[in-house]
Every structure is written in C-alpha cells, then in structure tokens.
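Given chain A, work out where chain Y should sit, using these hints.
For reference, the chains in residue letters:
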Amino acid sequence: MIRLEGLGKTFGAYAAVSDLNLEVRPGEIFGFLGPNGAGKTTTVKMMTGLLRPTSGRVLIAGRDMAADPIAAKRAMGLVPDEPFVYPKLTGAEYLRFVGELYGVPLEGMRHRVSQLLEMFELTPWGGELLESYSHGMRQKLVLAGILLHEPKILVLDEPMVGLDPKSGRLVKDIFLKLAERGTAIFMCTHVLEIAEKLCHRIGIMIDGRMIACGTLEELRAASAAKQDGRDLESIFLSLTGGAEYSTLLKNL
Amino acid sequence: MLGTLLRRRARTFTNTIGHWTAYEWARNAAFGAAGFGLLFGLHYGFFRLLKYLSTIELIGLLLTWKLTAMLLLMTLSMVVVSSLLTALTTLFYSYDLKFLMKAPVSLRSVFLDKSLESAFFASWMIGLILIPYIAAIMRVQGLGPVYFAAFLAAFPPFLLLAASFGIGFTLLLLYLFPSSRTRDVVWVFSSLSLTVVYGLVRFAEPEKLIRPDALKVVAEYLNFLQAPTAPYLPSWWLAEALRMAAEGAWRGYAARVLGLWAAAFIVYGLLVALAGKVYFIGYSGAQEGALRKRTHGFKILPEQRILGTRSAAILLWKERTTFFRDVKHWSQILLIIGLVFVYLFSIQRLPLDSAELKSLVSFLNVGTAGFVLAALGLRFTFPAISLEGKSWWVLRSAPIDVGMIMREKLLFSAIPILSIAATLALMTNWILAADAFTSRLTLGALLTVGLAICVMGVGFGALFPNFTVENIHQIESSVGGFVYMAACLFYVGFTIAVLAAPMQMHFAERFGTGVWSSRVALYSGAGWLALNAVAMILPWTLGRRALENHE
Numbered sequence: 001m002i003r004l005e006g007l008g009k010t011f012g013a014y015a016a017v018s019d020l021n022l023e024v025r026p027g028e029i030f031g032f033l034g035p036n037g038a039g040k041t042t043t044v045k046m047m048t049g050l051l052r053p054t055s056g057r058v059l060i061a062g063r064d065m066a067a068d069p070i071a072a073k074r075a076m077g078l079v080p081d082e083p084f085v086y087p088k089l090t091g092a093e094y095l096r097f098v099g100e101l102y103g104v105p106l107e108g109m110r111h112r113v114s115q116l117l118e119m120f121e122l123t124p125w126g127g128e129l130l131e132s133y134s135h136g137m138r139q140k141l142v143l144a145g146i147l148l149h150e151p152k153i154l155v156l157d158e159p160m161v162g163l164d165p166k167s168g169r170l171v172k173d174i175f176l177k178l179a180e181r182g183t184a185i186f187m188c189t190h191v192l193e194i195a196e197k198l199c200h201r202i203g204i205m206i207d208g209r210m211i212a213c214g215t216l217e218e219l220r221a222a223s224a225a226k227q228d229g230r231d232l233e234s235i236f237l238s239l240t241g242g243a244e245y246s247t248l249l250k251n252l
Numbered sequence: 001m002l003g004t005l006l007r008r009r010a011r012t013f014t015n016t017i018g019h020w021t022a023y024e025w026a027r028n029a030a031f032g033a034a035g036f037g038l039l040f041g042l043h044y045g046f047f048r049l050l051k052y053l054s055t056i057e058l059i060g061l062l063l064t065w066k067l068t069a070m071l072l073l074m075t076l077s078m079v080v081v082s083s084l085l086t087a088l089t090t091l092f093y094s095y096d097l098k099f100l101m102k103a104p105v106s107l108r109s110v111f112l113d114k115s116l117e118s119a120f121f122a123s124w125m126i127g128l129i130l131i132p133y134i135a136a137i138m139r140v141q142g143l144g145p146v147y148f149a150a151f152l153a154a155f156p157p158f159l160l161l162a163a164s165f166g167i168g169f170t171l172l173l174l175y176l177f178p179s180s181r182t183r184d185v186v187w188v189f190s191s192l193s194l195t196v197v198y199g200l201v202r203f204a205e206p207e208k209l210i211r212p213d214a215l216k217v218v219a220e221y222l223n224f225l226q227a228p229t230a231p232y233l234p235s236w237w238l239a240e241a242l243r244m245a246a247e248g249a250w251r252g253y254a255a256r257v258l259g260l261w262a263a264a265f266i267v268y269g270l271l272v273a274l275a276g277k278v279y280f281i282g283y284s285g286a287q288e289g290a291l292r293k294r295t296h297g298f299k300i301l302p303e304q305r306i307l308g309t310r311s312a313a314i315l316l317w318k319e320r321t322t323f324f325r326d327v328k329h330w331s332q333i334l335l336i337i338g339l340v341f342v343y344l345f346s347i348q349r350l351p352l353d354s355a356e357l358k359s360l361v362s363f364l365n366v367g368t369a370g371f372v373l374a375a376l377g378l379r380f381t382f383p384a385i386s387l388e389g390k391s392w393w394v395l396r397s398a399p400i401d402v403g404m405i406m407r408e409k410l411l412f413s414a415i416p417i418l419s420i421a422a423t424l425a426l427m428t429n430w431i432l433a434a435d436a437f438t439s440r441l442t443l444g445a446l447l448t449v450g451l452a453i454c455v456m457g458v459g460f461g462a463l464f465p466n467f468t469v470e471n472i473h474q475i476e477s478s479v480g481g482f483v484y485m486a487a488c489l490f491y492v493g494f495t496i497a498v499l500a501a502p503m504q505m506h507f508a509e510r511f512g513t514g515v516w517s518s519r520v521a522l523y524s525g526a527g528w529l530a531l532n533a534v535a536m537i538l539p540w541t542l543g544r545r546a547l548e549n550h551e
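Here the protein sequences line up with chains A and Y, keeping their order.
Count the first sequence with this note's numbering and you get residues 1 to 252, in order.
Count the second sequence with this note's numbering and you get residues 1 to 551, in order.
Chain A on its own, in the form it takes in the complex (with noise of 0.2 Å):
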C-alpha cells in the first residue's frame, strides 16, 4: 500500500531524511517515533507530495508520488500536524469542499457530512465559521474530512494533539475499524501509549536515519531494555538515548 524507496531528503548539507525503506501493507497500522528533528514530518510531507524528495521515491497504492501524483493522492488521507483550514468557510463547508475535491459524490454527501459532525460531536458548530473553532474542534473536523473520502491510507501527523478524552478514545477507535477493513495507517506520534496499543509494527527514526523497525517484540529484543514487561517508553529511550537528562536534572 504504502512503500518508500531509498527516500531521501537535503536541505543544503543537512539530510533530514536519509535512506528510508518502509513498507505498509492493507490493514496495518504503522506507528512512526523519534525525537524532535529526527525528520518524521519531513518524511510525512514527501509521502503526501508536499515536499519533493532529493532521492528514492514514494509509492501509493502503487502509483508513483512523483510521476502520478493525483492518482496517489486520491488514495490517500492526510491530517497534519497543524491543522489549519480556511477560517471563512463553516464546518460543513469545509466538509463539501474536501469532499469535492476527492470527488465524493454529491448524492449522499449531505447525509454523510452530517453523520460525521455528529460522530465528532460538531454538530452544532457545522453551520459556524472555522475561525471560531478550537483546535481541538479542527482536528476532528480535518479527521472527518478524511473520512468522508475514505482513502486506502492514511498518513496522521500527531492525530491525537488537542483531543479531548472521549474523542481520543473515538479516534483510536475509528483507526482500529478502518485498519481491520484493510486501510493502511501510517502515523506519527510521540505518545508511545498510544502506539503501543494500536500499531502493529513501530519505526524509531533518529537524525534523519530508521535505527529500528519492527512489531513491539521485536524491538525488545534488539533494545538493550530486553526484559520482558519493559514498556515502549523504556525501549524508546534505550535506543534514542534519553537517559543523559538525569544528570541535567539534579542541576535543574
């Protein structure tokens, strides 16, 4: 569904991506970590045709980001990290605009939209201009503007940043069903709960380079955290190198 060949990225001398080889498959729900600067929205950006890549390519769905992309967008669903959205078009609006874009057919779309804002409780802001959302109240619509096109991939950056609890829970949920009929996520996160508990297989990403990839075992074992129980926290701290604070701490 999603593969990344020899994916690469310069900005001047400095690589941002270097290397990256990745493979999502149907159903599968791929959790992306690093630190910060480790080049995770870079590579989210190259993936969704935002940012064209210095070396390799990215395919979606089987089609070539870079020699077809409209086809490789049309199967694909992305919610930023920002999500920022025209602050002069209402919820439903935005809803209609997207869905035109992904060619969603007008028949049904109203029934849909208003299925959407009331799964994300917007309901009673659809009818208000964007500008007076929260954040929070963005993301969910943004998540609900790509579910009205359902998309064969997803690509999250930080989907869960400014959720409520309940709407959090809704989200994993959504993702979980969404995988379980074959849609492939890849997501970018830095709550390691969250991707312990729904991905299947996990990236850490360190300086531009993919240092681990692999189920949640997998890279137990190949941590120096190789005891059993040791949660995703530890093994990512263990392979990025997080400990070095403790003495900063005491000066703190």
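Because the hints were derived from the structure by calculation, they are not lab data.
One or more hints might be untrue.
[What the hints assert, rightly or not] Only pairs whose alpha carbons sit at most 20 Å apart, straight line, appear in this in silico DMTMM-like list of lysine to aspartate or glutamate:
no., chain 1, residue 1, chain 2, residue 2
1, Y, Lys-98, A, Glu-82
2, A, Lys-88, Y, Asp-326
3, Y, Lys-328, A, Glu-131
4, Y, Lys-293, A, Glu-131
Please read all numbers here as calculations on a predicted model, not as lab measurements.
Leaving out everything else, chain Y in the frame of chain A:
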C-alpha cells in the same frame, strides 16, 4: 523591554540574510538591481519634469514647490489609507501576539513593537518613491548632500505622523466596537466615507488651480501658487521645510523639522498612552469569532452550473465565499469603485478641444488605465496564491494539479479586472468621442493588458509564494510584489510603444500627411503578439514550476 523586542527583529533580519544560499543572493541581487533601475527611471522622469518647470520664467520655482506640496499631500493620504489596512492585521491578528500577550511584557511595549511594524509596512514603499524625486530637486537646483541629510532628518516624523492617524483610528475602532459584527459594519462605513471624501476632493476639481487658463487673472494664479496646500497637515510643514532648506533658510527649516518631530512625538505618544488603556480590550474582542449560523444546502453550486468540471468549480466557489466573507476586502472594493468614478470624471474634465487630441488621449488611456489595472493586480491577483496561507496543505495534498489551482486564481481575478478594463476603455472612448479605429484598438489593447496583468499576477504570485505571511501588505511590498509591479509597468510601457505605430499611421492618414502601411502594421501586430506571449507564458511557466517545487 522594547529593546528586546526590537532586537529580535534585527536578529530575524540578520539571520534571514545569513542563511541565504548563493542562488538567493544572486536572485535578490538581480531583483535589487531591477528595483534600482525602476527608481532611476522614476528619477529621470522627475528630473525632466522639474527641469522643464525650472525653465518657466518667474514662477518656475513656485511651481516646483507647489508640486512638491501636492506630492507630499498625496504621500500623506496614501500612508494614512495604507496604515488603516495594515494596522488591523498587525496590531490585532499577528501570529506572535499570543506569545507576546502572555509574556510578562507591558501592553505599551507590545503596542510600540506592533505599531512601529505597522507604520513601517504602511510607509516604506511609498516613502522610497519620494527619494528619486528629492534627488531630482537636488540635481535641478544644484543642491549638495547636506540637502539630502536635511530631507532624511525631516522625513521619518512625517511618515510616523501619517501612519499614526491610521493606527489611532484602528485602535479606537476596536476599542469602541469589540463585537466583531459591529466592528465589521463600522469598518465598511469608514471605508465608504473614505471613498466619499476621496470622491468629493476630486470632484472639487483641484486641477483648475494649477492651470493658469482656468483662472481669470495672473494675480489669482500667483496667489494660488504661493498659498499653502493644506497648511494644517504635516505634508505642508515638510514641503516648507524642504523649500527652506533649498533656499538656505536653515532657521525656518529647523523650526519646521522640530515641529514635525514634536508633533510626531505628541501624536504617537498619545497613542502609546492610550494603548495602555484600550489596546487589550480591542485585542480581546478581535479573538472572538463572529458567531452566526449559516446553513449549507449541499445543492449544485452556481460555479458548477457554469463550469461543470468539479475541482475547478469548487475551487472557484471556495475563493468567492472566503473572499466576500472577509470584510477587509469590502472596503477595498468600495475604494476601487470610487477610483473608477474619479478616473472617468478626471478624463471628462480634461481640457481637450479637438477631435484628434481626444483620440490621442483615448489611446494614451491604455497606459494610464494599464497602471490602474497593475495596481489592482498587485492588490488582488498577486497575493492570491500566498493568501492560501497555512491552509495550503489542503490543496497541495488533494488530488488536483497546481496548474488547476493557478487557473482558478486567474479566472477569479480576471472576471473583475477585465470588467474594469472594459469599463475604463468603453467609458473613456465614449466620453472622448474617440473615432472607431481608436476605440477598437484601445478596447482590444486594454482587455489584453488586463488579461496579461492577471496572468502575470498569478505567475509571479506562484513564483514568490509566502504562505506564512500574516498581512497582505507584506505580500504586496515583498520583493516579489516589487518585481511584479516593475514587470507590469514595463509591459504597459512596451504595449504603448508597439501600438504607437498603427496609431500614428491612423492619424497621418486622417490628416493626409501619410498613408497606412500594412507592413508596419504587421510588424507592430507581431511585436504586440510577441510581447504578450512573453508576458503571459514566461511568468506562468516559471511560477508553476516554482509552486510545484515549493518547500
């Protein structure tokens, strides 16, 4: 604290330059050179004009200073209008205000920082254009660098005073009407009154006064030349200071300059004092969105009935909806309507007594109306791509081609601009009773100029996109905006040049002093086609490529 805030600006500036790549250095140097060329061209034009005025016996100098006063009055009004528009976004909607407002920084410091930014963006470009004029005065009157230093000492308080009017109005508006709905209504009415005032000033026919033939006696004319131009406004104080510096009356100069500085300190100081009490109320009100339920029927859109194609139609609908819901655009539409009326009124009042002269002015109207269209293009077409702002990801990640986005922006912009172009051409030709050949030529030329200005606007807008900008004036006054405006001016100039040949042959034929040459007409037509091909294809292609690769 203000020092810290200003230092961050200086640091941002040096960091930006410090991170330029070799390509960016070369590109900006090329644009800088183009800008310098444009300023030099302006200087040359001013020099020719002032040189001519200086040759007029007795009243040459009087005319020079009268012109200076009128130019400064125009500068003052332009900076006031510009600061009205800039202050609203800079003072109340800047991205960094959330950070500054929650930091332990006094409101006055934040106001100082933001109002100075607003004053700078509202005035720098208008101010820059005065420099070639001052340099022309210096050349004509043989004044040394001391005169330029005298100008530099007097100019900043003038600009600050002008910007303070707009900033003060906006500050009070948001304080008195914190509710967004009321504020919008007041904003539109203020713009409407500004348009009416502008119209009234114009309809009072001030040009009568600078035309000696319009006044009955020479003494009356001389009285006018010596009379102050709006004596209570800072533009007159600056004009007087500049005149006195040129005449070596340094005491009078110092008095005026001190007056300007004192007035600037008092007016701006009052604003800063006022800001401590009212700024936060306005800022808080600006955070509240207008709550007003709108229902969307999910019916076939008017755009879909016309265009059919789905993505293009929905993009156009989005553009129309978001544009007309933004009240800031309404004020500008009102100003444009006022501008068109004033333009046509000015044409109607031109003292033209022969049919030939009228036809000639009708042809030259392609140039002046072209400049008006270029100014509209800079305000509406060029920023269209950048105004997608941080929502750009929605379009970029959607299954649509960059070319389609550009075509939609072109269509949205071309409809009003071509309508204005047609109105200006048809009405001018009707007012001037231009002959059939001239009417057809100018209508065709202006429609093409309008289209080329739109195509270049979208092309240059795509070539210089800035999705993080928070103020439309920052887009207009950016390097890209400057290049676009320069390209438009050159294009309009070349259009006049290539169409001059058939026009000249037409006149020669009418007066019986020459004959129509099909060969010359063919060359002219080919030149016109080549000019339009370059003007439309080059920026569009480069812009599209740049937007596709934008990072």
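Here is what the structure says about each hint:
1. Y/Lys-98 x A/Glu-82: Distance of about 16 Å is within 20 Å: holds.
2. A/Lys-88 x Y/Asp-326: 7 Å, holds
3. Y/Lys-328 x A/Glu-131: 15 Å, holds
4. Y/Lys-293 x A/Glu-131: Holds, at roughly 13 Å.
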